[in-house]
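Visitor: Residues per chain are reported as follows:
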Amino acid sequence: MSNQKPLYRELETKMEEAEKLIHALRTQQVDAIVGERHVMLVRLKQAEENLKSSRNQLRALASYLLSVRENERATIARELHDEFGQALTSLHLGLSWISRKLTPGQRPLREQIRSLLATTTSLIRSVKNIASELRPGVLDQLGLVKTLKSEAREFEGHTGIPCRFKMNIAKARFDRSAAVAIFRIVQAALTNIARHAHASRALITLMKRKNNLILTVMDNGKGISRKVIDSHDSLGVTGMRERTLALGGTFTLGGSRSKGTILTVRIPLSRVLIGTTS
Amino acid sequence: MKAKRERRRYAKPGGETYLFRLFVAGNESNSSQARGNLARLCEEHIKGRYKIDAVDVLKDAAGAHKNNVLVTPTLILIKPLPKVTVLGNLNDTKQVLAALRLNGDER
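Chains as they are written, first to last, in my numbering: chain A, 1 to 278; chain B, 1 to 107.
Keep in mind that a hint or two might mislead.
Stated by the list, open to error - Cross-link-like lysine to any residue pairs, in silico, SDA-like; alpha carbons within 25 Å at most:
hint : chain 1 : residue 1 : chain 2 : residue 2
1    : A       : 20        : B       : 101
2    : A       : 52        : A       : 227
3    : A       : 20        : B       : 68
4    : B       : 94        : B       : 50
5    : B       : 83        : A       : 227
6    : A       : 5         : B       : 84
7    : B       : 94        : A       : 21
8    : B       : 66        : A       : 38
9    : B       : 83        : B       : 58
Stated by the list, open to error - A few chain A residues facing chain B, derived, Cβ under 10 Å:
hint : residue
10   : 11
11   : 15
12   : 17
13   : 24
14   : 29
15   : 30
16   : 31
17   : 34
18   : 35
19   : 39
20   : 41
21   : 99
Treat the hints as calculated values from the structure; they're not laboratory data. Glycine included, each C-beta is placed from N, C-alpha and C at the ideal position.
Kindly generate the complete structure, drawing on both the sequences and the hints.
Guide: Structure, rendered in structure tokens:
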């Protein structure tokens, strides 16, 4: 019995030492493990902090790049509309004037002018389309909700895939950059549906729930694989995710062959709305 | 009797010199913190009565191993006896002072 006492004490000491060691490891207070001949550095905490910091830097950079791109697009759209559009309109007016001045005997010239007028009209339409693609004027004029409604209609017109739009936030006033971000997310999602989904139906919803704005874009197509969602090559998906995170929101994308694809973006209302009108 | 024994566990002002051996890994984050914390605690509680012997395990791994040091930072109070071992960056002042029997000497 007396022999067991020192043994017990020794065991107790070892237990205490082990507990101290576990505590130090758990609280990340250890920076090296000492072996007989080698020392292994433990830099978990530092690595974690470095990773967090570079992630934040990347996010800030992505957000900055997105805003720079939006500004560039707006500038190009304005230039196209104001300069090029104006010049083409003047050209159209000039050609019409010449056409009116031509005598019936100048038929070949008249034909040539008519053809040039048609080309000019088509060019004006193209410039308008490109400018509107770069910076949807309708977003500034009509607001986000009506723009999304019109986008759904246009999508249906281009692709032949019926696309519905539902919302419960008609009277809200959106922050300008948030509206652009949401619009671009919807645009990218619809592009993906048109290109990859093989869907026969699509639905966009924009709902206010508690303190969040929830945007969903879904289809009944062939779904999306985890590999594609996580791939860094999926620039469309990455862009949508970055735009959401820049607004302090969460982004989920999922789907299956039987249920199609569903994209859900949840953004705090405080980051999206300027105010609501009754 | 019990009270006397309790008192003897703490450092007396103007008493014996403290000898510490601190095992660190170069300038790694926790090791640097441990160095700074120990120097501060000694200055605040046993000024002029301490000696810190710092051992860099990156230069002398075998020496650390011989002293049964498994991780860094490890602080060993060598004198006065009994020996005490404290692991970690010594950020928790209250706990470190108690472990090193210095909490009876607070100013």
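Visitor: Could you run down the list of hints and mark each one as holding or not?
Guide: Taking the hints in turn, this is what the structure says about them:
1. Restraint check: the Cα-Cα separation between residue 20/A and residue 101/B comes to about 17 Å, which is no more than 25 Å; the hinted pair holds.
2. Of the supplied pair hints, the one linking residue 52/A and residue 227/A holds, its CA atoms being roughly 24 Å apart against a limit of 25 Å.
3. Between residue 20/A and residue 68/B, the direct Cα distance comes to roughly 14 Å. Compliance with the 25 Å bound is thereby established for this hinted pair.
4. A distance of roughly 19 Å separates the Cα atoms of residue 94/B and residue 50/B; the hinted pair therefore holds under the 25 Å criterion.
5. With a C-alpha separation of about 57 Å, the suggested pairing of residue 83/B with residue 227/A is violated against the 25 Å cut-off.
6. The suggested pairing of residue 5/A with residue 84/B holds, with an alpha-carbon distance near 21 Å, which does not exceed 25 Å.
7. Our distance criterion of 25 Å between C-alpha atoms is met by residue 94/B and residue 21/A, whose separation comes to about 19 Å.
8. Distance check on the hinted pair: residue 66/B and residue 38/A sit about 13 Å apart at the alpha-carbon level, within 25 Å; holds.
9. At most 25 Å may separate the alpha-carbon atoms for a hinted pair to count; residue 83/B and residue 58/B meet this at roughly 24 Å.
10. Because the beta carbon of residue 11/A sits about 16 Å from the nearest beta carbon in chain B, more than 10 Å, this interface hint is broken.
11. The criterion of a C-beta within 10 Å of any C-beta in chain B is not met by residue 15/A, whose closest approach is roughly 14 Å, and the hint is violated.
12. Because the smallest distance between the Cβ of residue 17/A and any Cβ of chain B comes to about 7 Å, under 10 Å, the interface hint for this residue holds.
13. Given hint, residue 24/A at the interface with chain B, holds; its Cβ is 4 Å from that chain's nearest Cβ, closer than 10 Å.
14. Below 10 Å, beta-carbon pairs count as interface contacts, and residue 29/A has one with chain B at about 4 Å; its hint therefore holds.
15. Hint status for residue 30/A: holds, given a least beta-carbon distance of 5 Å to chain B, under 10 Å.
16. Interface hint at residue 31/A: satisfied, since its Cβ lies 4 Å from the closest Cβ of chain B, which is below the 10 Å cut-off.
17. With a cut of 10 Å, the hint placing residue 34/A at the interface with chain B holds, because the nearest CB-to-CB distance is about 5 Å.
18. Interface hint at residue 35/A: satisfied, since its Cβ lies 7 Å from the closest Cβ of chain B, which is below the 10 Å cut-off.
19. A distance limit of 10 Å between C-beta atoms decides the matter here; for residue 39/A the minimum to chain B is near 5 Å, and the interface restraint holds.
20. Taking 10 Å as the C-beta cut-off, the interface hint given for residue 41/A holds, the closest approach to chain B being about 6 Å.
21. Here the hint on residue 99/A is broken, as its CB sits about 81 Å from the closest CB of chain B, past 10 Å.
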